[in-house]
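Asks: Residues per chain, in single letters:
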Amino acid sequence: MTAADAILSYAVWLAFAVLAAAFLLTVWRVVRGPTLPDRVVALDMLTGIVIGFIALIAIRTGFTLYIDIAISLGLVGFLATVAFARFVLSRGTGGGAPRENPAAALLAAAPVKRRKPAARRTGGTGPAVRRKARK
Amino acid sequence: MMETLIAFVTALVILAGAGFALVAAIGLNRLPDVYTRMHAASKAGTVGSGLLLLAVGLHAGDLPTFARALAGFFFFVLTAPVSAHLLAMAAHKVGYPLSTQSVRDEMKGRE
Amino acid sequence: MTTFLLSLVFAFVWVAITGSATLHNLIFGFALSTLSLWIVRGEVGTRGYWRRLGRILSLLALFLKELALSAWKVAVLVMRPRMDLKPGIFAFPLTVDRDFEITLLANLITLTPGTLSVDVSEDRKTLFVHAIDCSDIEATKRDIANGFERKIMEAFR
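Residue numbers (the UniProt record's numbering), protein chains in the order written: chain A, 1 to 135; chain B, 1 to 111; chain C, 1 to 157.
For the record, the hints were derived by calculation from the structure and aren't laboratory data. Some hints here could point you the wrong way.
With a cut-off of at most 25 Å between alpha-carbon atoms, the simulated SDA-like pairs for lysine to any residue come out as follows [unchecked claim]:
hint, chain 1, residue 1, chain 2, residue 2
1, B, Lys-93, C, Ser-33
2, B, Lys-93, C, Gly-114
3, C, Lys-141, B, Thr-100
4, C, Lys-151, B, Thr-79
5, C, Lys-73, B, Ala-67
6, C, Lys-73, B, Phe-75
7, C, Lys-65, B, Ala-67
8, B, Lys-93, C, Arg-98
9, C, Lys-73, B, Lys-93
10, C, Lys-65, A, Gly-62
Some chain C residues flagged as far from chain B (calculated, every beta-carbon gap over 10 Å) [claimed, not checked]:
hint, residue
11, Leu-5
12, Ala-11
13, Leu-26
14, Phe-28
15, Phe-30
16, Ser-33
17, Trp-38
18, Leu-57
19, Ser-58
20, Val-78
21, Val-96
22, Glu-101
23, Leu-111
24, Arg-150
25, Glu-154
Covered by chain A, per the in silico footprint, the following chain B stretches (three or more residues, Cβ under 8 Å) [said to hold, decoys possible]:
hint, stretch
26, 45 to 52
27, 55 to 66
For glycine and all other residues, C-beta sits at the position ideal for the given N, C-alpha and C.
Starting from the given sequences, assemble the full structure and let the hints guide the process.
Replies: If you want it as structure tokens, here you go:
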């Protein structure tokens, strides 16, 4: 084992630990929310961290084909984020009610049309007021 | 000697990339609202995974692999702002509020 | 002539990416790039190609520098024990008016320190930018107008 190998293997192990910490922190943001866009941002970030993991595995094993896998994962993550942005837009309920129910959100997504911004913004910013206005 | 130098630089790039990813994750937890969190995710996060990809290219040490890694790096750097922009626009249009620390919102009512 | 050189550059990129440096592959890459350039011949004027290439490269260098700087600034901001932020959205009046240039500018703004483009107004005259530090908006606006916007105008006009 040469000096070069030793340096690299220590660096890769340290980076694995750091990335694992970053991954857990990001998962915490996904769990906590509190709004849908927060979760989408965190999921996007998770894809980035997983790409980092794949790159580290490529360095450890020496298979450069992993680069292609990382690129395809990046493409999938990008498309998923774009789709999520469309979903946020089409669901059309802002105001950030804390602790949304994902199943109810999915059910509500299809038929609801976006409301006019002027009408939406007159009702104050508190979630309670907003919920009342929706009924 | 040359080999050790390349290994050293690669190790540095790996650690920098992982560090940026960690900073982005910390920022995701500490910043107050969606829009400021996007700053952390779309800049530090992208640079983090991009640097790790570049490290693969450096480590392999041949031109085709490096070119592919570079292509991947540019791909991430070009797509990250697009998705951040789309998400910010969707969130603002739908009316997710800015944090209470915000000092101004010139976009309100002018979409 | 410039089209020929451009095809040659593309052919070399093709060889580098596919990873087999044989004569057959070089010829195939050349044919492929000539074909793709021929398809878009109406869209890209190949006149003044080299002068423009220099400016595009200078835009790229500025972009990479700003990207590194912005990641560093976000890192410093996040690691500070007490965060006093002044986030907000400001309106940036656009000078560039073509869709392609607006897209490019919005992307560049997103990757620069402390700014993130949120939306473009209907009439394409205003770009709404979210900034993490709104204490000196005029300076931020000046930086964007004199930095990226001017470089984009130089590179693509």
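Asks: A separate judgement is required for each hint: does it hold in the structure or not?
Replies: Evaluation of the provided hints:
| no. | hint | result |
| --- | --- | --- |
| 1 | B/Lys-93 with C/Ser-33 | violated, 42 Å |
| 2 | B/Lys-93 with C/Gly-114 | holds, 21 Å |
| 3 | C/Lys-141 with B/Thr-100 | holds, 23 Å |
| 4 | C/Lys-151 with B/Thr-79 | holds, 21 Å |
| 5 | C/Lys-73 with B/Ala-67 | violated, 28 Å |
| 6 | C/Lys-73 with B/Phe-75 | holds, 22 Å |
| 7 | C/Lys-65 with B/Ala-67 | holds, 20 Å |
| 8 | B/Lys-93 with C/Arg-98 | holds, 24 Å |
| 9 | C/Lys-73 with B/Lys-93 | violated, 28 Å |
| 10 | C/Lys-65 with A/Gly-62 | violated, 30 Å |
| 11 | Leu-5 | holds, 19 Å |
| 12 | Ala-11 | holds, 13 Å |
| 13 | Leu-26 | holds, 14 Å |
| 14 | Phe-28 | holds, 16 Å |
| 15 | Phe-30 | holds, 17 Å |
| 16 | Ser-33 | holds, 15 Å |
| 17 | Trp-38 | holds, 23 Å |
| 18 | Leu-57 | holds, 14 Å |
| 19 | Ser-58 | holds, 17 Å |
| 20 | Val-78 | violated, 4 Å |
| 21 | Val-96 | holds, 16 Å |
| 22 | Glu-101 | holds, 15 Å |
| 23 | Leu-111 | violated, 5 Å |
| 24 | Arg-150 | holds, 20 Å |
| 25 | Glu-154 | holds, 21 Å |
| 26 | 45 to 52 | holds (count 5) |
| 27 | 55 to 66 | holds (count 6) |
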